[in-house]
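Trainee: Okay, here's what each chain looks like letter by letter:
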Amino acid sequence: MNSASPRTLLVRGMLAGLLAGVAAFLVAYLLGESKVDAAIAIEEAAAGAGHDHGGEAPVSRALQATAGLGTGVVLYGVALGGIAALVHCFALGRIGRFGPRATAVVVTAGLWVTVTLVPYFKYPANPPAVGDPDTAARRTALYLLMIVLSALLAAGAVILGRRLAPGLGNWNASLAAGGGFVVAIGISYAVLPGVNEVPAGFPAALIWDFRLASLAIQTTLWTTFGLAFGFLADRALVPTRAPKEAVQPTS
Amino acid sequence: MANSAVPTTNAPAIAPISLSALAPWAVFVGILMLVLLYFVGAEQGATAVFEGETVHEWLHDGRHLLGFPCH
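So the sequence lines, in the order shown, correspond to chains A and B.
The first sequence maps to residues 1 to 251 in our numbering.
The second sequence maps to residues 1001 to 1071 in our numbering.
No lab work stands behind these hints: they were computed from the structure.
Do not rely on the hints blindly, as some may be mistaken.
What the hints assert, rightly or not - Distance windows between CB atoms, simulated:
hint	chain 1	residue 1	chain 2	residue 2	range
1	A	W171	B	E1051	50 to 58 Å
2	B	V1049	A	G178	35 to 43 Å
3	B	L1034	A	I159	21 to 29 Å
4	A	W171	B	F1050	48 to 56 Å
To be verified - Residues from chain B shown here face chain A by an in silico Cβ test under 10 Å; the list is partial:
hint	residue
5	M1033
6	G1045
7	G1062
What the hints assert, rightly or not - Now the stretches of chain B that chain A is said to cover, found in silico as 3 or more residues with beta-carbon under 8 Å:
hint	segment
8	1021-1030
9	1046-1060
10	1063-1071
Yeah, the Cβ is synthetic: ideal placement off N, Cα and C, and Gly gets one too.
Looking at chain A on its own, in the form it has when it is part of the complex:
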């Protein structure tokens, strides 16, 4: 039985990421753009063109909301797809008896929690008009720090779980490692400085809607990726592991 090649899985991961990016773009366009427009209207009414984006903008709003948004979300999907495929390459055959598809789902769920949800609850997405331009560098650094910390703690939890598994059994070891991860994230939340730059009088409902839309975009991206990549990885690897399953028609 020959094992999977990283190239096979990477190509499929980036393809699945492309598909996920397109799906996320549709959600972003349909759910998110109206919130961006509403926030920009408030911004312009409040500042009276005092903001960076006033005057002659290098990119029109129509382009930002379509081609620009599409570029960003699709590239983001491809990049995350490539990274997730690398994690999948490492996890495949190392996390028990999961096949390629189940491994893809486990890895995707893990990345969704670690890379998206954990940073999101500490430093959530903000619409235009929320956030002081002068603190952008600091906020970006904190956001990246939270992602790196979350990824490191997740890797630590996986290692801890594997160490505990022989003594406690898989179930209890997973519970202990998961609990340890939650506690460590809680401590990180408490220690890292908070960011609240919402201007006085900015509608709370709009921020809530915007953040829900952002969460919907991320969830669409990861779900689509996990399912598509699982399907592609399974199809690519099935002939090498179980010839009888390869006969099944897939269309």
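Position chain B relative to chain A; hints supplied.
Mentor: Just chain B now, kept in the frame of chain A:
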């Protein structure tokens, strides 16, 4: 817990990809993907490689909606 959704009986375990085979891919593609994420998320925002605001403006809506800190 006896019946999990994952078949454990007849599917043979997949051979893991050896770390030495994975390492060059992980380093090269990993860095490439991180550079891509940097341009989507932070170029001409927190820091800049190219001058101007065109990259920032083009990716503006995506950055806000994907959760990157923007201006």
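Trainee: Give a verdict on every hint.
Mentor: Checked hints:
Distance hint check for A/W171 and B/E1051: the Cβ-Cβ separation is about 56 Å, which falls inside the suggested range of 50 to 58 Å. One distance hint, 35 to 43 Å for the beta-carbon pair B/V1049 and A/G178, holds here, with the actual separation near 39 Å. The hinted range of 21 to 29 Å is satisfied by B/L1034 and A/I159, whose Cβ atoms lie roughly 23 Å apart. Evaluation of the 48 to 56 Å hint for A/W171 and B/F1050 yields a pass: the beta carbon distance comes to about 52 Å.
The beta carbon of B/M1033 comes within 4 Å of a beta carbon in chain A, closer than 10 Å, and the hint placing it at the interface holds. Checking B/G1045 against chain A by beta carbon gives a least distance of about 6 Å; that is within 10 Å, so the hint holds. About 2 Å separates the beta-carbon of B/G1062 from the nearest beta-carbon of chain A, less than 10 Å, and the hint is met. With a threshold of 8 Å between beta carbons, the proposed coverage of the segment 1021-1030 of chain B by chain A holds, since 6 of its residues qualify and at least three are required.
As drawn, the segment 1046-1060 of chain B meets chain A at 9 residues by the rule of a beta-carbon pair under 8 Å; at three or more, the given contact holds. Coverage of the segment 1063-1071 of chain B by chain A holds in this model, with 9 residues showing a Cβ closer than 8 Å to a Cβ of that chain against a need of three.
The structure is consistent with each of the numbered hints, conforming to all of them.
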